[in-house]
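Q: These are the residues of each chain, in order.
Protein chains: 2
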Amino acid sequence: MIFTELSTPTLLLEKEKLIANISRMQASADRLGVQLRPHLKTMKAARAAELLIASGASGITVSTLKEADYFFEHGFTDITYAVGMVPAKLAEAARLIARGADLKIMTDSPEVAQVIATDANQNGTVYKLLIEIDCGDNRGGLQPDSDELLQIAALIDSSSAHLQGVLTHAGQSYGVDNIAAIEEIAEQEREAVVQAATRLRAAGFTVETVSLGSTPTALYARDLSGVTELRAGVYTVFDIDQQSRGVCTTEEVALSVLSCVIGHNKAAGKILLDAGGLALSKDRSADKFRPEVGYGQICSPDGSIIPGLYVTSVSQEHGHVRVRDESDYALFPVGSQLRVLPVHACMTAAAYDHFNVIENGVVGEKWDRVNGW
Amino acid sequence: MIFTELSTPTLLLEKEKLIANISRMQASADRLGVQLRPHLKTMKAARAAELLIASGASGITVSTLKEADYFFEHGFTDITYAVGMVPAKLAEAARLIARGADLKIMTDSPEVAQVIATDANQNGTVYKLLIEIDCGDNRGGLQPDSDELLQIAALIDSSSAHLQGVLTHAGQSYGVDNIAAIEEIAEQEREAVVQAATRLRAAGFTVETVSLGSTPTALYARDLSGVTELRAGVYTVFDIDQQSRGVCTTEEVALSVLSCVIGHNKAAGKILLDAGGLALSKDRSADKFRPEVGYGQICSPDGSIIPGLYVTSVSQEHGHVRVRDESDYALFPVGSQLRVLPVHACMTAAAYDHFNVIENGVVGEKWDRVNGW
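In order, the protein sequence lines correspond to chains Z and L. Remember, the working numbering sits 21 above the position in the first sequence when you count from 1. Remember, the working numbering sits 21 above the position in the second sequence when you count from 1.
Looking at chain Z on its own, in the form it has when it is part of the complex:
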């Protein structure tokens, strides 16, 4: 397979693998008896959201209000914005709701909840609020036994805004590399968010949504009693980071960067690619379990892995590939194409405004993406 019509570096998406990954996660949600609300932070593409909804997803999750706006414009109305709301962004959320979006917003701050409640009372906007819970990720969120949990619920419940429920994310699941450890984290994630929901209900509040998820925990949770929905995003295309943790196989990675060999530095023992730090991102999340991978796993143009060949270092527009031996120069001449499986799909894809979709072995459609803020 030679992609002569594509200028490099550019992003390739294998549609059959994408569809298989979508089915795998939907089956996991079905098995666990919860709804699936995929996180579009990875794909940022309406065409991907269509496939997700068609496969059974109940709605979508986004990481920016620009994504929310883009997906709403493309006909998706049931949207959770799963990054902490701030007062300065409330007007944009209100505009989306006024236009018909069923938007859910989130905070872990009583101060922000107070602003939301006041704004709802003054302007009549029915903000649907999720309270963020920290289940051990140590990113955003309240401890499930915190006083602020009830304080926020009371503030919202007594206003024109709507208390929607609770939400958590076990980002710590990216830090382990075996299924038993993932299962344990999935149970911590469930316990934290269910504990928060239980406390709210005991205090008399209605809790409709009990939401959790990360790709590893969503795939390997054994039980989600008390949970209503799963969120996850990177599973749509996977990456070497996920592969290094045993969450997927290399063959399931649906995303790659098509690049071109631009030089051989034989004195330095390197092949140079036109995919560097900007084209691949400088994410090194696979280092913990597969440090040899560097900035990406090299594949041939047909997608088959080339063992032992990695993007070992990068500068802005150069990927440096340490050759295994001298014969690599003849195998990969200047001008030839190579593909790179990304370390972290979300970070890599963000450098591109579209996917080149491969279906039945040929490049067909271009799918646009929404980047930035």
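Honestly, I wouldn't trust all of these hints.
Stated by the list, open to error - Which chain Z residues stay away from chain L? Per the calculated CB distances, all over 10 Å, these:
1. Gln56
2. Ala67
3. Gly77
4. Gly96
5. Asn142
6. Val147
7. Leu293
8. Val355
9. Glu386
As the list claims (entries may be wrong) - Below are the DSBU-like pairs computed for lysine-lysine, each with C-alpha atoms no more than 35 Å apart in a straight line:
10. Z:Lys38 - L:Lys87
11. Z:Lys149 - Z:Lys87
12. Z:Lys287 - L:Lys87
13. Z:Lys309 - L:Lys309
14. L:Lys387 - Z:Lys87
15. L:Lys309 - Z:Lys287
16. Z:Lys36 - L:Lys87
17. Z:Lys87 - L:Lys287
18. L:Lys149 - Z:Lys87
Please keep in mind that the hints were generated in silico from the structure rather than gathered at the bench. Remember, it's a predicted structure, so these values are computed and weren't measured experimentally. We put the CB at the ideal spot given by N, CA and C, even for glycine.
Got chain Z sorted already, so can you dock chain L onto it with the hints?
A: Just chain L now, with coordinates in the frame of chain Z:
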């Protein structure tokens, strides 16, 4: 200074600092008696190129053909594309030349030189070719004493293409943190490219351009005898990476990311920002000399450094800031704005399609940027 009109995260550019940085480098080129061809890979903005040319730059350098096209469309004709040419991109270069661009292209590959020579003979395009030299960076380039140097020169010189000269880049200058070491690398850079030019001239070839540069060596070279032009890019705005190496002061950094506090995770000892891995990039180049900086140095909205406050970790849309003590929560409430000085300006800026330009203390113009490929 509160940027209430700007949605976060977004990119701020301090115009007075930009102009001072441009003047500093132009003065260095003038002192060394060479022309300055700034690298627009950092700014990727026509408005910045205008300031550079007005300050005395002889032309521009770009890192992608998309940049070349963008700057040509904005009236800049003298352009060096300083990443190795490949056969698949030659038609795009030919189109730019046909439209009137004075485009210089580069290779270190005899095979590519042969393709360029043949294409020039067949299509009449007068490609101007620079031969890339490796001065110790171990990225692209031929050793100055290599046989291929004369081989490429002969291939081009005997064709309808034009042998323009030689070019090198001392990327290793980013690996040291004292001026004496930078001076030494600058001399290695000069020696390598002058040696290559001397060999070519001794063999009867005309060498018009002898080009070198990196921000550290361009600022601190003591002598550039035999060199015709300097290239550098990141000096326009500088960053913490350059500051960590002693190349600039923190006060000279002209670029920052405006962000908003989206949460306090007191149990984890963290302030959360809405500027994460995508908004800041995952570049960690400052680690070698300032590991405490993480993903960026925090400043107040007016740009003054907040000592000891850094973006200590990131996820896609979250910047995690380890608080110094409990009083930081009151100092930086949820909803307040903070600025982040980037570790690596080129990588950070690439996530944004425009700069918000600050002049006389207020946000005024928006300058568009050209990203991608």
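Q: Work down the list of hints and note, for each, if the structure agrees.
A: Evaluated hints:
No Cβ of chain L comes within 10 Å of the Cβ of Gln56 (chain Z); the nearest lies about 23 Å off, and the non-interface call holds. Separation of Ala67 (chain Z) from chain L is adequate, the least Cβ-Cβ distance of about 19 Å exceeding the 10 Å criterion. No Cβ of chain L approaches the Cβ of Gly77 (chain Z) within 10 Å, the least distance being about 25 Å, so the stated non-interface status holds. With a minimum CB-CB distance of about 24 Å to chain L, Gly96 (chain Z) clears the 10 Å threshold, and the non-interface call stands.
Separation of Asn142 (chain Z) from chain L is adequate, the least Cβ-Cβ distance of about 18 Å exceeding the 10 Å criterion. No Cβ of chain L comes within 10 Å of the Cβ of Val147 (chain Z); the nearest lies about 22 Å off, and the non-interface call holds. Listed as a non-interface residue, Leu293 (chain Z) fails to keep its Cβ farther than 10 Å from every Cβ of chain L; the least gap is roughly 5 Å. Val355 (chain Z), annotated as away from the interface, has a beta carbon of chain L within 10 Å; the closest lies near 4 Å.
The Cβ of Glu386 (chain Z) sits about 19 Å from the closest Cβ of chain L, beyond the 10 Å cut-off, so the non-interface label holds. For the suggested pair Lys38 (chain Z) and Lys87 (chain L), the alpha carbons sit about 31 Å apart, so the restraint of at most 35 Å is met. At roughly 18 Å between alpha-carbon atoms, Lys149 (chain Z) and Lys87 (chain Z) fall within 35 Å of each other, so this suggested pair holds. Taking the CA atoms of Lys287 (chain Z) and Lys87 (chain L), the gap is about 29 Å. The hint holds against a cut of 35 Å.
Annotation: proposed proximity of Lys309 (chain Z) to Lys309 (chain L) holds, straight-line Cα distance about 19 Å (limit 35 Å). Among the hinted pairs, Lys387 (chain L) with Lys87 (chain Z) is consistent with the structure: their alpha-carbon atoms are about 19 Å apart, no more than 35 Å. Straight-line distance between C-alpha atoms of Lys309 (chain L) and Lys287 (chain Z) comes to about 27 Å, which keeps the hinted pair within the 35 Å bound. Taking the CA atoms of Lys36 (chain Z) and Lys87 (chain L), the gap is about 27 Å. The hint holds against a cut of 35 Å.
A hinted pair counts as satisfied when its Cα atoms are at most 35 Å apart, and Lys87 (chain Z) with Lys287 (chain L) qualifies at roughly 29 Å. At roughly 43 Å between alpha-carbon atoms, Lys149 (chain L) and Lys87 (chain Z) are farther apart than 35 Å, so this suggested pair is violated.
Hint compliance for this structure: hints 7, 8, 18 are not met, and every other hint is.
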